[in-house]
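Enquirer: These are the residues of each chain, in order.
Number of protein chains: 2
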Amino acid sequence: MTKNAVVLLSGGLDSATVLAYARSQGFECYCLSLDYHQRHIAELQAAKNVAKVMGAAAHKTAQLDLSLFGGSALTDDAIAVPVSATEGIPITYVPARNTIMLSLALAWAEVLQAQDIFIGVNALDYSGYPDCRGEYVKAFQDMANLATKSAVEGKTITIHAPLIDMTKAQIVTLGTELGVDYAMTVSCYQADSEGEACGLCDSCRLRRDGFFAAGLADPTRYKMHA
Amino acid sequence: MTKNAVVLLSGGLDSATVLAYARSQGFECYCLSLDYHQRHIAELQAAKNVAKVMGAAAHKTAQLDLSLFGGSALTDDAIAVPVSATEGIPITYVPARNTIMLSLALAWAEVLQAQDIFIGVNALDYSGYPDCRGEYVKAFQDMANLATKSAVEGKTITIHAPLIDMTKAQIVTLGTELGVDYAMTVSCYQADSEGEACGLCDSCRLRRDGFFAAGLADPTRYKMHA
Chain A
1 MTKNAVVLLS
11 GGLDSATVLA
21 YARSQGFECY
31 CLSLDYHQRH
41 IAELQAAKNV
51 AKVMGAAAHK
61 TAQLDLSLFG
71 GSALTDDAIA
81 VPVSATEGIP
91 ITYVPARNTI
101 MLSLALAWAE
111 VLQAQDIFIG
121 VNALDYSGYP
131 DCRGEYVKAF
141 QDMANLATKS
151 AVEGKTITIH
161 APLIDMTKAQ
171 IVTLGTELGV
181 DYAMTVSCYQ
191 ADSEGEACGL
201 CDSCRLRRDG
211 FFAAGLADPT
221 RYKMHA
Chain B
1 MTKNAVVLLS
11 GGLDSATVLA
21 YARSQGFECY
31 CLSLDYHQRH
41 IAELQAAKNV
51 AKVMGAAAHK
61 TAQLDLSLFG
71 GSALTDDAIA
81 VPVSATEGIP
91 ITYVPARNTI
101 MLSLALAWAE
111 VLQAQDIFIG
121 VNALDYSGYP
131 DCRGEYVKAF
141 QDMANLATKS
151 AVEGKTITIH
161 APLIDMTKAQ
171 IVTLGTELGV
181 DYAMTVSCYQ
191 ADSEGEACGL
201 CDSCRLRRDG
211 FFAAGLADPT
221 RYKMHA
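Going down the list, the sequences are from chains A and B. For the first sequence, the numbering used here assigns the number 1 to the initial residue and increments by one for each residue that follows. For the second sequence, the numbering used here assigns the number 1 to the initial residue and increments by one for each residue that follows.
One chain only, chain A, in its complex shape (with noise of 0.2 Å):
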């Protein structure tokens, strides 16, 4: 019997990494998008075209503005995204996202009567978020299944981080095993309309370097520099 996953899909390397991950476990998989008024919204066009070649069940994106509270450079536009390394947390942390995201995992795992949700976080390879952390995620798992109805009638919740303890080398590794195309993919924190990334902030860096370690050749459509 096939089992039902959620699974969160950004349309950035990890998620669709993920996504590879949890179809060749055998789930069906019902893939979540946010559309929280980010920058970067070639992901989102991404995130669409991952879900249909990968062969997800369903695709659907929630609408939130979370400039509603502001506070970070990807929802803020008085914020500029950073394109040097910096110290501590960086301010394209959007304070509470992967809170607000797995939330709304489980809201529609419960009406899918489904007891996985498949998220894309890790903490090696990370910019220092705290909920990229293998401590924050076992601590949504204990809270969700407090939270359903569901979960009180013995429907448990378990959220799956499989990337979480690897490099983005071993990351670009397993899903080119799996077939992912990466060239559909948009990790850029500032990609344009046509999801040509500008191979300068943390997310690019992280995943130009993640091909450059495993020995891949890196297929990320980079912008013309004059």
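One thing to keep in mind: the hints can contain errors.
As the list claims (entries may be wrong) - Simulated crosslink set (DSBU-like; lysine-lysine; CA at most 30 Å straight-line):
1. LYS60/B x LYS48/B
2. LYS155/B x LYS60/A
3. LYS138/A x LYS155/B
4. LYS138/A x LYS138/B
5. LYS155/A x LYS138/B
Claimed, not checked - So these bits of chain A aren't anywhere near chain B, every CB distance computed over 10 Å:
6. PRO95
7. GLU135
8. TYR136
9. ASP165
10. GLU196
Calculated directly from the structure, the hints in this document are not laboratory data. Quick reminder that beta carbons are idealized off the backbone N, C-alpha and C, glycines included.
With the hints as your guide, set chain B onto chain A.
Expert: Frame of chain A; chain B shown alone:
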């Protein structure tokens, strides 16, 4: 020094009481409502009025269409609101609603540098929703304190649920002492556009019984039934 708090404000009886309580404790209150395309849209207008009259520092309404997932009588027009008591958790339960609302409150709290979030859940005279229990609130707080940049930097979050162990009668007594005008609040799951209550749904029954048990006049505006 005044402290900032985010107060989840539905426009109903409980959250109005919580706002009055938080104000009485000296908090500057940033009130957050969620337009999740609920049937009872009059609730949101009530929230706006309540925030204004009760001296909120600000009031925001986040837009998030939970009918995207369906699965509840409050968001799915194909499911009727029950007008008699039912066994178990009723169909008016909205999957993961409080988790989603607390997640949004967490995001705003972090931007405001607030360390306190108030929610009007109670686990005594309630509809049996799992996300209204103390153990759930505690688990959310534990998760929140691993989720955000502020928390990992030492500004931990407290989720206050001051009504959690109170009866509806105790709640309306407290609110009345604190000067809440309950005529402004809307609890009914199927209130009309004027905010008039059906008097028949679970939420109306709990509210009416509360005023009766407290020996207080019920100021609720009910629809005239033919």
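Enquirer: Hints numbered earlier in the text: which of these fail when held up against the supplied structure?
Expert: Going through the list in order, the structure violates hints 2, 6, 7, 8 and respects the others.
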